[in-house]
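Asker: Construct the entire structure; sequences and hints are all you get.
Each chain, letter by letter, is given below.
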Amino acid sequence: MRNISPLSRLTTTTTRRTSQIPRTQSWLSDWRHISSSSSTRSTAAAPNTDSTASALEPPPAGGHLPSISSSALLKHTREQSLKTPGILWADAELDEARGTSSLSSATAGRETRKMNMYQAIRDALSIALSTDDSAIVFGEDVAFGGVFRCTLGLAEEYGRERVFNTPLTEQGVVGFGIGYASMGSKLGDSTLGGRGMGGTAIAEIQFADYIWPAFDQLLNEASKFRYRSGGQFNVGGLTVRCPTMAVGHGGLYHSQSPEGFFMGAGGLKVVIPRSPLQAKGLLLSAIRDPNPVVFMEPKILYRSAVEQVPTSDYTLPLGRAEILTTGSDLTVVTYGTSVYRCEQAIHLLTHPPQGSGIERTVKDALGDWRRGTGKNVSSSPSIELVDLRTILPYDLPLVLRSLSKTHRLLIVHEGPTTGGVGMQIAGDVVSGLALTTSNPQEKISIGEDMRRMRKEAFLGLEAPVKVIGGWDTPGVALQYEKFYIPDEVRILDGLLELLAY
Amino acid sequence: MLRSVSLTFRPRLLHRVASLSTRSLGRLPNTQSPIVSKPHFFNSVTGDSSEQIPAFRLLDGTGVPIDGAELPELDEAFARRLYENMQLLPNLDNILYNVQRQGKISFYMTAYGEEATIIGSAAALAHDDEVLGQYREMGVLLWRGFGLDNVMAQCFGNHEDTSSKGRQMPVHFGSPKHHFHTISSPLATQIPQAAGVAYALRRSPERSNSVAACFFGEGAASEGDFHAGLLLASTIPSPVVFIARNNGFAISTPSSEQYYGDGIASRGAGYGIDTIRVDGNDVLAVLTAVREARKRCLEQGRAVLVECMSYRVGHHSTSDDSFAYRARSEVEDRKRIDNPLVRFRLFMESRGWWDSQAEEELKTRLRADVLKAFKHAEVQSRWELSEIFTDIYAGEEPWNIREQREELSRLLEKYGEDWEPWKRELQKFKTESKDLVKNRE
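Quick note, the sequences are listed as chains A and B, same order. Take the first sequence: its letters are residues 1 to 501, numbered as in full-length UniProt numbering. Take the second sequence: its letters are residues 1 to 441, numbered as in full-length UniProt numbering.
Because the hints were derived from the structure by calculation, they are not lab data. By construction, the Cβ of each residue, glycine as well, lies at the ideal position given by its N, Cα and C atoms. Check the hints yourself; a few may be wrong.
[Claimed, not checked] Label pairs and their in silico Cβ distance ranges:
1) A:F483 / B:G301: 39 to 45 Å
2) A:T131 / B:P39: 55 to 61 Å
3) A:R78 / B:S185: 50 to 56 Å
4) A:T131 / B:G301: 26 to 32 Å
Answerer: Shown next as structure tokens:
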């Protein structure tokens with residue numbers, strides 16, 4: 001079960017020998033799947049991919065995630081790419097320190113390259129290894145490039161001392177990383193400085209589905225490391241990467257979105273990128289963040305999402321959500337693969353398939369919305385799409401600010417609904433924690449702004465907060481996946497329900 | 001001397017790929033196993049299933065060197081230091097155990113019966129070897145000069161507790177200065193971490209003379225993390241001395257119900273790790289074995305396993321009454337027949353380094369030292385209440401922590417004076433929690 005099929009072993013070996021990035025390798029051939037039974041699709045697909053092994057470009061992205069090829073969210077030009085909001089150039093920090101920074105130099109002379117997400121991640125790892133001697137990259141099958149190719153060529157480039165395989169033991173991989181990270185000093189804030197070469201540990205768990213044996217190490221050890229030692233020790237140098245979410249054929253054990261289970265792990269951060277450009281910047285932030293970070297990579301995007309990615313060293317901020325499209329009538333909060341489904345659902349709202357039942361449904365619901373809000377017949381709702389990016393601790397202030405404007409909130413994710421991120425956000429939005437009327441005599445305190453935002457957002461709600469997540473089945477059932485994952489039409493339905501409420 | 005008892009069976013995978021031209025089927029693809037024509041099952045690492053792994057010992061129960069024993073070089077000052085540190089443990093345990101019984105501290109774990117294992121190991125390590133303990137290794141910290149005041153401060157969780165600022169239960173010590181990683185209650189989590197710590201040491205030229213020393217009980221060795229840790233330290237060669245304290249009990253479960261094989265030592269060979277079993281009640285044997293283990297560790301850059309056989313004379317913790325599952329007479333017999341302190345004291349006396357007067361003086365002094373530290377710690381306040389919300393994240397503080405701190409401050413301001421349970425508790429904190437209320441002003 002947990003072996004790569006012999007076929008994929010063969011193809012990857014071949015591609016490695018010719019030192020070509022096997023861009024066209026099939027999804028399935030990267031998988032730890034049962035190679036004997038019911039894998040006709042995979043065996044049928046593999047020869048095709050072999051035959052196109054000399055192609056220079058990734059396969060049509062639409063082949064993997066239909067909505068992504070038409071996505072306006074991906075940066076297809078250098079100019080768009082370099083103007084990414086919140087991007088922080090590593091050398092700009094240096095310039096700033098030298099007092100030589102200027103706005104024009106921010107993008108001048110910078111290059112971008114077309115990359116898919118695994119290439120962007122590989123790029124980030126390479127930068128981390130080249131800029132930090134303490135950095136090590138390790139995990140199951142990491143040395144040959146990883147089953148998703150994210151560490152391709154790194155062992156050759158940086159040596160097996162720094163990029164290496166581990167035996168099949170997730171709790172061991174994370175425990176090892178914790179020990180290694182505990183010997184470093186990310187901030188120079190502890191007496192550990194100079195005690196050794198420990199520090200930056202970048203561990204890979206092959207699938208998020210297999211992170212559970214390491215849950216104890218993450219929850220009881222990594223998240224509590226600083227707190228339990230009175231700030232004397234920390235494992236800020238630890239980053240645990242793992243592929244997450246569904247791809248259409250992963251079944252119960254190659255499709256999970258476990259981020260919800262980490263919501264109570266104060267001390268830990270959880271980050272999920274939506275695209276190659278985002279993945280590179282967020283991963284470098286995660287690696288350099290002074291806190292342990294679980295970095296979950298939506299695996300359907302490894303090849304599907306292609307973007308112009310800046311080639312130099314840059315970071316994107318953790319703990320900050322991003323507004324992808326601004327709107328005034330409804331806020332959609334999501335992350336990872338679901339970003340593209342939400343984008344598509346919003347598109348369906350304004351462009352339903354002509355003459356279809358969906359068109360009539362949309363028309364009716366929007367009629368109700370116009371009547372309810374007093375809008376004129378020609379107006380159509382404008383939707384604010386928010387990518388959460390950091391799941392823990394997430395950016396509630398941004399969600400509240402958006403909600404104060406739109407008064408309607410929909411949260412979408414693949415993971416199970418109960419106990420999930422969506423319910424957490426919904427709960428935070430309606431939670432009374434800071435709704436207590438504050439004493440006007442009292443001086444403005446740190447939380448005053450939050451209190452005001454919470455109040456405005458809650459009292460302004462014009463519909464219940466809606467969460468569209470995976471069902472609470474024990475997992476993503478193989479042949480039923482289409483009806484498990486919140487797809488475009490389910491999201492559309494949620495939009496309509498909230499607008500017409 | 002050690003070699004005679006160390007295991008000769010060391011399955012070292014050579015990863016020698018058989019030449020493609022070899023047509024012979026004399027070797028199997030992933031092993032150098034000789035081919036045999038008879039089915040041969042085995043269930044022993046000694047090669048003889050009727051014989052258990054030998055245990056290394058230097059002094060018999062009366063402190064007399066056994067036949068063939070080569071004692072480590074030992075002067076009187078060092079021997080006295082060993083003994084005094086061993087004696088400090090029960091003296092400290094007696095007082096803290098009673099202090100817990102009086103309700104002054106919440107919990108305690110004694111080291112009765114394991115004094116030789118703990119002090120012998122501590123003495124064999126260098127002061128900057130990184131120690132990852134389980135929870136019963138306070139003696140290592142004391143050996144390194146952590147001091148009784150720090151021990152008391154941690155157990156009371158007062159404002160002088162730098163180990164965890166009063167956040168952890170008693171005996172969860174930690175001190176970067178003493179290269180002692182903070183104890184956590186989950187068992188065996190420290191074992192894979194030790195491999196990572198040791199790998200960091202291996203990668204650091206300035207730490208090339210340091211090892212990681214990882215302690216755990218035979219019960220913890222049943223956890224998956226034990227296997228993960230030994231596996232990683234052997235496949236990713238890392239200088240860790242694994243020290244199994246086999247004291248016969250995991251709370252109430254005797255080791256006979258913990259494993260069916262030959263103790264913990266038999267597992268070392270399975271991971272290709274040099275292993276030795278030692279009489280954990282013989283401080284000189286522990287000292288010698290751990291010294292040799294440490295040496296091998298550095299020479300080979302690889303992990304070594306030492307299994308110390310002892311007997312947990314005390315209860316598991318203050319939450320446990322072991323006479324519910326073992327006879328008082330069994331424990332008393334053990335203490336009388338095989339007492340690590342008596343054994344070493346008799347040895348010291350035979351050298352003319354110790355007598356009953358020295359014993360009395362030592363006990364009086366230790367008791368006075370412990371009581372002094374106790375009396376100081378007992379009256380200290382806790383940290384400020386605001387520390388409940390610090391050390392969670394480095395860098396920017398998330399909104400939820402900020403907001404929750406505000407919420408607690410608001411509640412304290414509103415009810416702190418009137419709600420008795422809070423009022424009483426607040427008085428125990430430094431500045432009586434005014435720090436939190438102050439933040440709002």
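Asker: Is it true that T131 (chain A) and P39 (chain B) lie within 55 to 61 Å of each other by Cβ?
Answerer: 57 Å, holds
Asker: Measuring from beta carbon to beta carbon, are T131 (chain A) and G301 (chain B) in 26 to 32 Å?
Answerer: 27 Å, holds
Asker: Does the hinted range 39 to 45 Å hold for F483 (chain A) and G301 (chain B) at CB?
Answerer: The hinted range 39 to 45 Å is violated for F483 (chain A) and G301 (chain B), with Cβ atoms some 54 Å apart.
Asker: Should the hint that R78 (chain A) and S185 (chain B) are 50 to 56 Å apart at their CB atoms be regarded as holding?
Answerer: About 53 Å separates the Cβ atoms of R78 (chain A) and S185 (chain B), which means 50 to 56 Å holds.
Hint 1 alone, counting from the list given before, is not met by this structure.
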